[in-house]
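Chains as they are written, first to last, in my numbering: chain A, 1470 to 1730; chain B, 1470 to 1730; chain C, 1470 to 1730; chain D, 1470 to 1730.
Mixed in with the good hints, there may be bad ones.
Pairs count within a copy or across copies, as identical chains cannot be separated in the list.
Unchecked claim - List time: in silico EDC-like cross-link candidates among lysine to aspartate or glutamate, alpha-carbon distance up to 20 angstroms:
(1) K1483 <-> E1574
(2) K1556 <-> E1510
(3) K1622 <-> E1537
(4) K1674 <-> E1553
(5) K1514 <-> D1685
(6) K1545 <-> E1574
(7) K1622 <-> D1538
(8) K1622 <-> E1604
(9) K1620 <-> D1538
(10) K1545 <-> D1614
(11) K1607 <-> E1690
(12) K1620 <-> E1537
(13) K1512 <-> E1481
(14) K1483 <-> D1623
(15) K1607 <-> D1538
(16) K1607 <-> E1537
(17) K1620 <-> D1589
(18) K1545 <-> D1685
(19) K1555 <-> E1602
Hints are computed from structural coordinates only; laboratory data are not their basis.
Note that this is a predicted model, so its numbers are computed, not measured.
4 protein chains.
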Amino acid sequence: MPAWVEINILREPKVEKPALIQGLPGLGFVGKLAVNYIIDEFKLKPFAEIYSSYLILSDGSTGVQIREDGTYHLPKIELYACTESKKHAILITGDVQPTIHGQYELVSRIIDLAQRYGCDMIIALGGFQTPIERELGKVYGVFNDLSFENKFKDLGVQITRSGAITGACGVILGLGSQRNLPSIGLLGATRGDYPDMEAARSVLKVLSQIIGLKLDFSRLEKEIEEFKIRLETVRRLQAETYPRAPYFRREREGEKSPFYI
Amino acid sequence: MPAWVEINILREPKVEKPALIQGLPGLGFVGKLAVNYIIDEFKLKPFAEIYSSYLILSDGSTGVQIREDGTYHLPKIELYACTESKKHAILITGDVQPTIHGQYELVSRIIDLAQRYGCDMIIALGGFQTPIERELGKVYGVFNDLSFENKFKDLGVQITRSGAITGACGVILGLGSQRNLPSIGLLGATRGDYPDMEAARSVLKVLSQIIGLKLDFSRLEKEIEEFKIRLETVRRLQAETYPRAPYFRREREGEKSPFYI
Amino acid sequence: MPAWVEINILREPKVEKPALIQGLPGLGFVGKLAVNYIIDEFKLKPFAEIYSSYLILSDGSTGVQIREDGTYHLPKIELYACTESKKHAILITGDVQPTIHGQYELVSRIIDLAQRYGCDMIIALGGFQTPIERELGKVYGVFNDLSFENKFKDLGVQITRSGAITGACGVILGLGSQRNLPSIGLLGATRGDYPDMEAARSVLKVLSQIIGLKLDFSRLEKEIEEFKIRLETVRRLQAETYPRAPYFRREREGEKSPFYI
Amino acid sequence: MPAWVEINILREPKVEKPALIQGLPGLGFVGKLAVNYIIDEFKLKPFAEIYSSYLILSDGSTGVQIREDGTYHLPKIELYACTESKKHAILITGDVQPTIHGQYELVSRIIDLAQRYGCDMIIALGGFQTPIERELGKVYGVFNDLSFENKFKDLGVQITRSGAITGACGVILGLGSQRNLPSIGLLGATRGDYPDMEAARSVLKVLSQIIGLKLDFSRLEKEIEEFKIRLETVRRLQAETYPRAPYFRREREGEKSPFYI
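Next comes chain A alone, as it looks inside the complex (with noise of 0.2 angstroms):
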């Protein structure tokens, strides 16, 4: 038992050709809170929780969480089913992205799983670091066929032309493309500062119109709003107090980002 991977299924989800759709955390958690918001909207239940040595704490060491109740959890990764799209999808999200060494096998099996519940095609949720404003708001894209081209390019996606998608969310591309699934990344510009949920909403706007999703944003909208504002506070403030110094300096050197896009 070198490494130890653990899929307790929950119970059989009912799913017609799923959408694999992944949204760990990673960049600006972007992924994970577009993925977060369609499962707190439908009120999803998992289907499917992964436990692993490869799943370890975002410190690096292993253990578990606590939660406010006093229990606890080790970290895990976890598969709920969308039905209320037209497409349906399977969802993954989880608490941490697997160790580097763990990405490939883990990511893997969960397309095995997906696979074995007619999973047809992947669409990779994540974030695009930038540091232009006007980038921001902007979806990017990838993909395996030519034909998404076009589709992006109706749906307001910039194409993307280099760079590297790095983590479990290019993994789960480079798999899905080895096994000749149509597979496709969908990336928000962000800063990467915080949790950027405009960046997620940006992305769930296009996801949702590729699946066929009707999405209520207004808790989303709100959400984004009551943020604003309390950013702003600290701006202001932090301004007052060291007028010269970059916004969420400290912030960003607190932060603890082991994780790309």
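With the hints as your guide, set chains B, C and D onto chain A.
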């Protein structure tokens, strides 16, 4: 043989439905001190010892530790049976924690072994680092079953409501939960500066009530008193020499503490 | 699946007793430039491609590289058959070197594959870092069979008499020797500051004589001339701006070069 | 093939109940110098050689070392049979120590091999770092059987009573004990600054008495004298140039010493 694990059963323990109680080296050595005190008080002998390439010296290198008589030994974990308590127990102690890569495997194999002897509960002992004076002496608890909440309150255990338990202490709780064993953690608040016998005493007082163990604390009290006197002497000398330097700066810098809890 | 290796045979190569010639990214990209020049000159198509969890992005993370058309691919190693030479050849090139943990396994499997096609010789191409002006342009050689000594002298190859050849370039030589295959290394002297086409040209001139390949160097000569002009422009501008700064300081600092040779 | 180990038996050694004597590179190269001196004195030829992905270059990279004649070799460990001693011996020497991950496996396989030839004892040679002048020249010993205590006293070996023996030297002692083989360590006190032939001589004097080996020390004495003269010259020159700088500061900084003992 990429990883080598050897479990030597020295003799069959006579235990009935034992709790598996882990006290490996960690923060303030709280868990190890507590378990070792029980072992010493009842003059227990190990019934099993575990050697492994996952057990390496605390400086991260492989090798053997040299004893005072010129003999040496590979780092090891030992298991002891305690039948002096109403609830029988299998105690885990050791020279070191397993390496991060081996924690899942070794802890898992220890639970396997304990379950072979009827183990139906896991108790992980450790330290809880705090710089706050008034928290010292307290015991913080986590559980995987809300029925423990009242029991903890009765025993004066603080319910932990955030954070993480890292290292083997967290892993045994996580793996215990995976196997649906009631699994609780008892963490003695400690500054973590030195082997903290007072924190170990607090943990032992709770533990002895949980498993119904009559424990004579007089030797521990005496050792704590003696240690306090030595500590006070050192502090006074340091204060005279470096009036403004923080106490124990040197000890803290010199101490290798790769493990938490 | 702790390590994932997938070798896709795209079509059977028609080679007779081929030499296996490796040119992976490394110091000055000498080996990769040399092999890729042959591939481009003869418009060769890969007959096999290798994907693996041992092939990760050059920044050490997992993921995919994005192409200019918006598609992406996992890092890969490709094999090409060259029958334009008297001594047939199987050429190895790729996006990256295998990770240290995977070099033995991947290189070993590549030799397995080549031997299936009758491979009876190994030639590893790489760079030899030197700051000494008069060494530039020279090719340094190593061999596992002293009969090569005179051949090298005839070809103007300097015999290397100390040091080490690291990375996949060294590993293929070592594993070739283990299998009693004549295995030689040809290392173009390079400052290692930038993709060194002149060093690649020197290596190609020796290689083409060894395997009897008629190679048209005119495109390479042109590219070298163009590069020299750009380089000279940059240097002059730098010299004017920072008169005392060493040339290429920035380039060297910015360049990621985790691999040697 | 995650880890590759190849043991080539070059010819069957003719030994009877040999001691397995290990002298791999380590602190002051004491163990390796000692074993190599025996090999050179009796012009022994290796009977087995071990190649492995666990044996990497001392800078941590994979690859081959280049010899003066232009050939090269993968890092290797070699075994020699010594029948010149009353107690026959199998000598272990090598270019490098196994990596930490491979020490248990490789050392274990070497003991397997030695036991196949009747090995009934293990002697690990190494260095013991000390800055104390009067300890130099002494040999420190550890054992796994208290019956060695008097023997060590008779031979003038200091009993070590604390600390650790790290690296392959410690691992072979630990694994030897696991197999219930008498296993002793002989550690020559050394500053560890340079290949310490004097420490190796001290170790050899004890070793030769233990295994009953008549060893001519005249070549070693001569080399030590020559080295002392060179050392003295360097020290004088340094003292004249940097009157207050510690001797050998540069050498110590430049030296790569990833291994201890």
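Return the numbers of the hints above that this structure violates; sort them in rising order.
1, 14, 18, 19
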